[in-house]
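Participant: Chains as they are written, first to last, in our numbering: chain U, 48 to 323; chain L, 48 to 323.
Calculated from the structure, these hints are not laboratory results.
A few of these clues could be false.
One copy or any two copies: either way a pair holds, since identical chains are not told apart in the list.
In the SDA-like style, the derived pairs of lysine to any residue whose C-alpha atoms are separated by at most 20 Å in a straight line are [as the list claims (entries may be wrong)]:
#1 K191 x R149
#2 K148 x D202
#3 K213 x A86
#4 K148 x E175
#5 K148 x A173
#6 K320 x R107
#7 K105 x I198
#8 K77 x S193
#9 K84 x G232
#10 K84 x D201
2 protein chains.
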Amino acid sequence: MVNRDWTVLGEKVTSWINEAADQLRASLSKPLEVSEKSAHNDLVTNMDRSIEQFLIGKIRADYPNDKIISEEGYGDGVKDKRGVLWLLDPIDGTLNFVMQKRFFAISIGIYENGNGKAAFIYDVMADELFHCITGSGAYQNTRKLSALTDIAIDDALIDLSPTWLKPNRRIHEEIMTEIVRRSSGTRAYGAASLELAYVAAGYLDAYFTMRLSPWDYGAGLILLTEVGGLCSRADGSPIDILTKQSVLAARPGLHQYMSDHIREQVNQGRFIKEPE
Amino acid sequence: MVNRDWTVLGEKVTSWINEAADQLRASLSKPLEVSEKSAHNDLVTNMDRSIEQFLIGKIRADYPNDKIISEEGYGDGVKDKRGVLWLLDPIDGTLNFVMQKRFFAISIGIYENGNGKAAFIYDVMADELFHCITGSGAYQNTRKLSALTDIAIDDALIDLSPTWLKPNRRIHEEIMTEIVRRSSGTRAYGAASLELAYVAAGYLDAYFTMRLSPWDYGAGLILLTEVGGLCSRADGSPIDILTKQSVLAARPGLHQYMSDHIREQVNQGRFIKEPE
Numbered sequence: 048m049v050n051r052d053w054t055v056l057g058e059k060v061t062s063w064i065n066e067a068a069d070q071l072r073a074s075l076s077k078p079l080e081v082s083e084k085s086a087h088n089d090l091v092t093n094m095d096r097s098i099e100q101f102l103i104g105k106i107r108a109d110y111p112n113d114k115i116i117s118e119e120g121y122g123d124g125v126k127d128k129r130g131v132l133w134l135l136d137p138i139d140g141t142l143n144f145v146m147q148k149r150f151f152a153i154s155i156g157i158y159e160n161g162n163g164k165a166a167f168i169y170d171v172m173a174d175e176l177f178h179c180i181t182g183s184g185a186y187q188n189t190r191k192l193s194a195l196t197d198i199a200i201d202d203a204l205i206d207l208s209p210t211w212l213k214p215n216r217r218i219h220e221e222i223m224t225e226i227v228r229r230s231s232g233t234r235a236y237g238a239a240s241l242e243l244a245y246v247a248a249g250y251l252d253a254y255f256t257m258r259l260s261p262w263d264y265g266a267g268l269i270l271l272t273e274v275g276g277l278c279s280r281a282d283g284s285p286i287d288i289l290t291k292q293s294v295l296a297a298r299p300g301l302h303q304y305m306s307d308h309i310r311e312q313v314n315q316g317r318f319i320k321e322p323e
Numbered sequence: 048m049v050n051r052d053w054t055v056l057g058e059k060v061t062s063w064i065n066e067a068a069d070q071l072r073a074s075l076s077k078p079l080e081v082s083e084k085s086a087h088n089d090l091v092t093n094m095d096r097s098i099e100q101f102l103i104g105k106i107r108a109d110y111p112n113d114k115i116i117s118e119e120g121y122g123d124g125v126k127d128k129r130g131v132l133w134l135l136d137p138i139d140g141t142l143n144f145v146m147q148k149r150f151f152a153i154s155i156g157i158y159e160n161g162n163g164k165a166a167f168i169y170d171v172m173a174d175e176l177f178h179c180i181t182g183s184g185a186y187q188n189t190r191k192l193s194a195l196t197d198i199a200i201d202d203a204l205i206d207l208s209p210t211w212l213k214p215n216r217r218i219h220e221e222i223m224t225e226i227v228r229r230s231s232g233t234r235a236y237g238a239a240s241l242e243l244a245y246v247a248a249g250y251l252d253a254y255f256t257m258r259l260s261p262w263d264y265g266a267g268l269i270l271l272t273e274v275g276g277l278c279s280r281a282d283g284s285p286i287d288i289l290t291k292q293s294v295l296a297a298r299p300g301l302h303q304y305m306s307d308h309i310r311e312q313v314n315q316g317r318f319i320k321e322p323e
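Whenever a hint applies, use it, and build me the whole structure from the sequences.
Facilitator: Below you can see the structure in the form of structure tokens.
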């Protein structure tokens, strides 16, 4: 166990986030340096890098023994979950940041020996902070989020990209079809941390993707767990917070229905394939 | 020609919308009466009806000779486009209104002899009014929207429902596949009037659906046209503002690319089918 005052940590992180958000808002009126990473829609900007360095500087100054996994690579080469681990995305939804100048978030999830302890997901332009210290309830700004209740698939709003409904390398394109067809509708906002926070807040009933990185889901997983939501890989197996993987996040009964459905489809011979 | 001061009309409509929005915000803390229309995800609430009646009352009092087409049916049986015609949706995105309590809009488009004259799309919870008087520029609250410039499909954010990418009655499921695959990404917010406004504001580069009603697209079409965007049926043919139809709305060059692609696919034997 680490001897730590999580409330003090929460206050510090919130003030760092506010400072970072000021820098991000100010940057919107200046030219942005954008470059491509793995693909033409996988972007990084000078602001992703500078906000990550700013936040890592703050973490290192106050918590020098903690480890950090972060999107732009200024963190550590983390091999195990011992101690306190920060999963940090300086700008989740970089494509939205570049193209929409809104619907992007700073996402910070903090784990102790693999257990979620604190989460912060800040929608910078909407000034909306989803946050929790594990065991003390989850909040959207000052509003306490309710425990998630059950919902039938027919009444559910599902967030997923059409990518997973067309031929792709990760999931047979028919596996999610029945779920989408039975649902009330689908949504896609393009910022995973916010989409997970929306499930926690009840704006969405489920979020599904076949590929998500620790910095994308790290905070959302903690927030969702705090309100009784479930978060696993597509087939229902547990998330390993050190790796890229599929993520199925939903209200509890709906999570059961969806993961059962996916496992059944796999048992019938349709494939799912986790990222390497 | 109708002798009308459109600026005065704009001021009146804005004040009616503000009053209606107050009623909507107040309603969120009370139980909502929800019933199904054509399908389990086609909802109407007591508030759709009461806001429509409120707005129609205001229109009738000040503009008694105008005609109204509205979602919940308190308008007129309109057969032609002569005179002044209001296309009115009291709550666009009813599913969002019921389930998310946000991301819904009041949408009002006003045509004179078939020509767009004024548009108002109000995101009630975000307090964001997209509006224009034709010829005087389009605005997001007080910010003037820029004329839309061109974008390559590879850099474009496309808003469409996965419905149109899976087998359905309206469009062969492969027609939009290449567009989605080439694009930067897809989004779906679940409120057509806002999605059209987002194209006008540059948050999205295109919006596509195979089925939309006059009250859904009436205001968006005017707003988009004002900033140089294009809005047509899927195959590029003109919108008839009196009927339900497909809608393809996009930046000018992208609109050309997408409608060309759809027509080519149809020429190669794949079907599209307009709503009856």
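Participant: If a hint holds in the structure, say so; if it does not, say that too.
Facilitator: Right, here's what the structure says about each hint:
Taking identical chains as interchangeable, the C-alpha atoms of K191 and R149 lie at most 20 Å apart only when they sit on different chains, with a minimum of 17 Å there against 24 Å within one chain. With identical chains, the CA atoms of K148 and D202 are at most 20 Å apart between copies only, with a shortest distance of 15 Å across copies and 32 Å within one. Only within a single protomer do K213 and A86 lie at most 20 Å apart by alpha-carbon distance; the minimum there is 19 Å, versus 25 Å between protomers. In this homomeric assembly, K148 and E175 come within 20 Å of each other (Cα to Cα) both inside a single copy, at 15 Å, and across copies, at 15 Å.
Taking CA atoms no more than 20 Å apart as the test, K148 paired with A173 passes in both settings, with 11 Å inside one copy and 15 Å between copies. Taking the closest pair of Cα atoms, K320 and R107 never come within 20 Å of each other, the shortest separation being 36 Å inside a single copy and 60 Å across copies. Taking the closest pair of Cα atoms, K105 and I198 never come within 20 Å of each other, the shortest separation being 41 Å inside a single copy and 39 Å across copies. Taking identical chains as interchangeable, the C-alpha atoms of K77 and S193 lie at most 20 Å apart only when they sit on different chains, with a minimum of 17 Å there against 40 Å within one chain.
In the homo-oligomer, the alpha carbons of K84 and G232 lie at most 20 Å apart only across protomers (15 Å), although the nearest pairing inside one protomer, at 32 Å, exceeds that limit. Taking identical chains as interchangeable, the C-alpha atoms of K84 and D201 lie at most 20 Å apart only when they sit on different chains, with a minimum of 15 Å there against 39 Å within one chain.
The structure fails to meet hints 6 and 7 from the earlier list, while all remaining hints are met.
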